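> Those protein sequence lines, which keep their order, are chains S and Z. Note that this note's numbering has the first sequence beginning at 39, numbered continuously upward. Note that this note's numbering has the second sequence beginning at 39, numbered continuously upward.
There could be a bad hint or two in this list.
The list treats identical chains as interchangeable, and a pair is accepted whether it falls inside one copy or across any two copies.
[What the hints assert, rightly or not] Straight-line Cα separation of at most 27 Å, DSS-like style, residue types lysine-lysine; simulated pairs:
| no. | residue 1 | residue 2 |
| --- | --- | --- |
| 1 | K101 | K66 |
| 2 | K312 | K216 |
| 3 | K91 | K66 |
| 4 | K120 | K91 |
| 5 | K434 | K216 |
| 6 | K287 | K66 |
| 7 | K375 | K312 |
| 8 | K312 | K406 |
| 9 | K354 | K367 |
| 10 | K403 | K374 |
| 11 | K312 | K434 |
| 12 | K398 | K367 |
| 13 | K367 | K312 |
| 14 | K398 | K374 |
| 15 | K287 | K354 |
| 16 | K434 | K406 |
These are computed hints drawn from the structure, not numbers from a lab. All of these numbers come straight from a predicted model, not from anything done at the bench.
Take a look at the letters that make up each chain.
Number of protein chains: 2
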Amino acid sequence: MKKYILLMMLAACSFGAYAQQALWGGSKIVSPQVNDDKTVTFRLVAPNAREVKVTGDFLPTQKINTPFGEFDGPGTADLVQKDGVWEFTTTSPLAPELYSYTFLVDGLKITDPSNVHQIRDVASVTNVFLIDGGRADYYKTNDVPHGTVSKMWYQSPSLGMARRLTVYTPAGYETSGKSYPVFYLLHGMGGDENAWSELGRAAQILDNMIAQGKAEPMIVVMTNGNLAMQAAPGETSQGYIAPTMQLPKTMEGSFEQHFPEVVDFVDRNFRTIKQKSGRAIGGLSMGGFHSMHISKEYPDMFDYVGLFSAAITPDKSVKSPVYENLEAKLKAQFDKKPALYWIAIGNTDFLYQANAEYRKMLDGKGYKYTYYETPEGHIWKNWRIYLTEFVPLLFKK
Amino acid sequence: MKKYILLMMLAACSFGAYAQQALWGGSKIVSPQVNDDKTVTFRLVAPNAREVKVTGDFLPTQKINTPFGEFDGPGTADLVQKDGVWEFTTTSPLAPELYSYTFLVDGLKITDPSNVHQIRDVASVTNVFLIDGGRADYYKTNDVPHGTVSKMWYQSPSLGMARRLTVYTPAGYETSGKSYPVFYLLHGMGGDENAWSELGRAAQILDNMIAQGKAEPMIVVMTNGNLAMQAAPGETSQGYIAPTMQLPKTMEGSFEQHFPEVVDFVDRNFRTIKQKSGRAIGGLSMGGFHSMHISKEYPDMFDYVGLFSAAITPDKSVKSPVYENLEAKLKAQFDKKPALYWIAIGNTDFLYQANAEYRKMLDGKGYKYTYYETPEGHIWKNWRIYLTEFVPLLFKK
Chain S
39 MKKYILLMML AACSFGAYAQ QALWGGSKIV SPQVNDDKTV TFRLVAPNAR
89 EVKVTGDFLP TQKINTPFGE FDGPGTADLV QKDGVWEFTT TSPLAPELYS
139 YTFLVDGLKI TDPSNVHQIR DVASVTNVFL IDGGRADYYK TNDVPHGTVS
189 KMWYQSPSLG MARRLTVYTP AGYETSGKSY PVFYLLHGMG GDENAWSELG
239 RAAQILDNMI AQGKAEPMIV VMTNGNLAMQ AAPGETSQGY IAPTMQLPKT
289 MEGSFEQHFP EVVDFVDRNF RTIKQKSGRA IGGLSMGGFH SMHISKEYPD
339 MFDYVGLFSA AITPDKSVKS PVYENLEAKL KAQFDKKPAL YWIAIGNTDF
389 LYQANAEYRK MLDGKGYKYT YYETPEGHIW KNWRIYLTEF VPLLFKK
Chain Z
39 MKKYILLMML AACSFGAYAQ QALWGGSKIV SPQVNDDKTV TFRLVAPNAR
89 EVKVTGDFLP TQKINTPFGE FDGPGTADLV QKDGVWEFTT TSPLAPELYS
139 YTFLVDGLKI TDPSNVHQIR DVASVTNVFL IDGGRADYYK TNDVPHGTVS
189 KMWYQSPSLG MARRLTVYTP AGYETSGKSY PVFYLLHGMG GDENAWSELG
239 RAAQILDNMI AQGKAEPMIV VMTNGNLAMQ AAPGETSQGY IAPTMQLPKT
289 MEGSFEQHFP EVVDFVDRNF RTIKQKSGRA IGGLSMGGFH SMHISKEYPD
339 MFDYVGLFSA AITPDKSVKS PVYENLEAKL KAQFDKKPAL YWIAIGNTDF
389 LYQANAEYRK MLDGKGYKYT YYETPEGHIW KNWRIYLTEF VPLLFKK
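Here chain S stands alone, though its shape is the one from the complex:
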């Protein structure tokens, strides 16, 4: 019977008969291995490789020369081979964080075949691992009541298309009978409706902060801000297309103009608090730009506004009524005294100066806002931090 069970197991996991090979092929290795002292060991079985490196955001950055100048790029470290197994252990413990990495095998970038846990960021797929402790504990799935994460579609009358979004409803939503406030959470350029729930760990952060009483139970709506797309690549009738950042309809006013249709859809499909005091909007980079413009276009819609590393970079060549009369519209918005206008950025972000100028303008007008600055730049690490800082400020009465 044992042999039979094994055969069944081998066959039961067959998707084109791959897994069978995986089960009897090669030595069993673990990679990555988070050691007790929080150092991390990476391993790869590649007896024919001549050189194996690991690269990831857990390593110090290094300068990279590009056609566009010198940039901080990800660091690399060499794996050492013994009996066909390549290995590298970090020289010091890693701080709590969600990290990403890939291998470079004879120059070819590959994901770690021993680690099925991967995240896509635009056109790049990397492996991930998490060092727990500190703020990173918000990014973990813990044994707390879990909300529901739904992928659903709304019909946009003005665009004449169905569009996909991700909705987080807090634990207990289905049966509580209560109405909830709504936080609209927007991604950056090249991202989509999956970005905040995958790279941003939004569901874990909300679950944990609500369970600890640090955040109010709320609905979080994660839209797709690229109007040239109905949904993330692979989720539309275009099929398995390659992701790209070169999308035509991202920062030209259409998304901002159509946004009340999203709010209307959410208000019709969920038990929401249908007034300004029950609505927040925030986003990263392009999503911060969108949040800034949407909140001023509709000054009675959102009481809480969050700009995370916002791309406040008006391209004068883009013509849209949304981008006209900025000062008058901001005056109208701030005259109505939003409950919170929150600006966060990293001190090495390439958008730092643009944000400083925007804050200076707000200061000059006497508009009240809250400012939060972190080290480092335009990276998901910062956006997860901003989410954990922003969410506790919302919907406090």
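Here the structure of chain S is known, so what remains is to put chain Z in place on it, guided by the hints.
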């Protein structure tokens, strides 16, 4: 401004600064490329590689020697190098299907770095592509009304644990006010609550068949049948653990015994038809085994039963009240005349004989069932076919 926008794009997609490299590194290649004649071209930039092969279920199988005997394994094909780019085009057009593949670079199995579209099957990650036409059009996201796919958690009182499940609600569910029948759809050994929605394309199949009037609008509930897990690997407080097939609590009665708690949760959280005529249960391999046992344990619960390549292989050493008195329980079930008892299997499936014996037993008792046989074996291709055959038979009054 153009340069600035480009810099912003480079930075905006940074998850540890990887994507920047991806954007300016290497030549732009497309892989896989589905050609007009439905041949497919695979490409890999690997100037330092000595040998590159592609392996996948689109190639004829080949015999593999293993410690457990000779098996049909996936075929391979050689890519040919020119200027550092390796390439292979299939010699003939491929039939419509969802296919999977990986590369073998100097013997190392890797996913295609040019294709972000991947599916995990237990511990193996492979790339996917789809050739449309025929039945495969059900597996595509088409421009039809889309249902909602939710990841949510139920509390099991008997197990004292929260467990994750995937729920499909049909287009219009949120606002229709109607009650819907429910189809409980179970995975195989090593799978989890993500298997049917990812490998099985269940949401696409339901969207398309409902839109074409071939299936009734229904709720589909996809559970996790491994009671040693709360959820799929990476979705629990265990963190990013490696998937395994060696789970202790899969076919020993506990899952079957606790199943009414799932039905109770669904009936309390969704607008359901709360009676036998509004419930179906079906599953693949271990999920077929579970469906067989659950439906006979609770003969008033499900009017429709589907066994897809069912692992009807009683292990006499496993003791559970669920597995005792099989014949008496089946008699009780069939005396109540289920609306449909449906058995499907591939003619090369290693479970073919066990299913033939089970059918012979049912024949001997005069119990009515419907039988559907396909070529090939214990593979997702067959399970997607069975889903498209089974779903139109459900809840027809």
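> Would you mind marking each hint as holding or not holding in the structure?
Hint-by-hint comparison with the structure:
no. : hint        : result
1   : K101 - K66  : between (36 Å within a copy, 23 Å between copies)
2   : K312 - K216 : both (13 Å within a copy, 24 Å between copies)
3   : K91 - K66   : both (20 Å within a copy, 23 Å between copies)
4   : K120 - K91  : both (15 Å within a copy, 25 Å between copies)
5   : K434 - K216 : within (17 Å within a copy, 36 Å between copies)
6   : K287 - K66  : between (48 Å within a copy, 23 Å between copies)
7   : K375 - K312 : within (18 Å within a copy, 50 Å between copies)
8   : K312 - K406 : within (25 Å within a copy, 54 Å between copies)
9   : K354 - K367 : within (17 Å within a copy, 75 Å between copies)
10  : K403 - K374 : within (14 Å within a copy, 77 Å between copies)
11  : K312 - K434 : within (16 Å within a copy, 40 Å between copies)
12  : K398 - K367 : within (17 Å within a copy, 77 Å between copies)
13  : K367 - K312 : within (23 Å within a copy, 53 Å between copies)
14  : K398 - K374 : within (20 Å within a copy, 77 Å between copies)
15  : K287 - K354 : within (16 Å within a copy, 62 Å between copies)
16  : K434 - K406 : within (18 Å within a copy, 61 Å between copies)
Going through the hint list in order, the structure satisfies each hint without exception.
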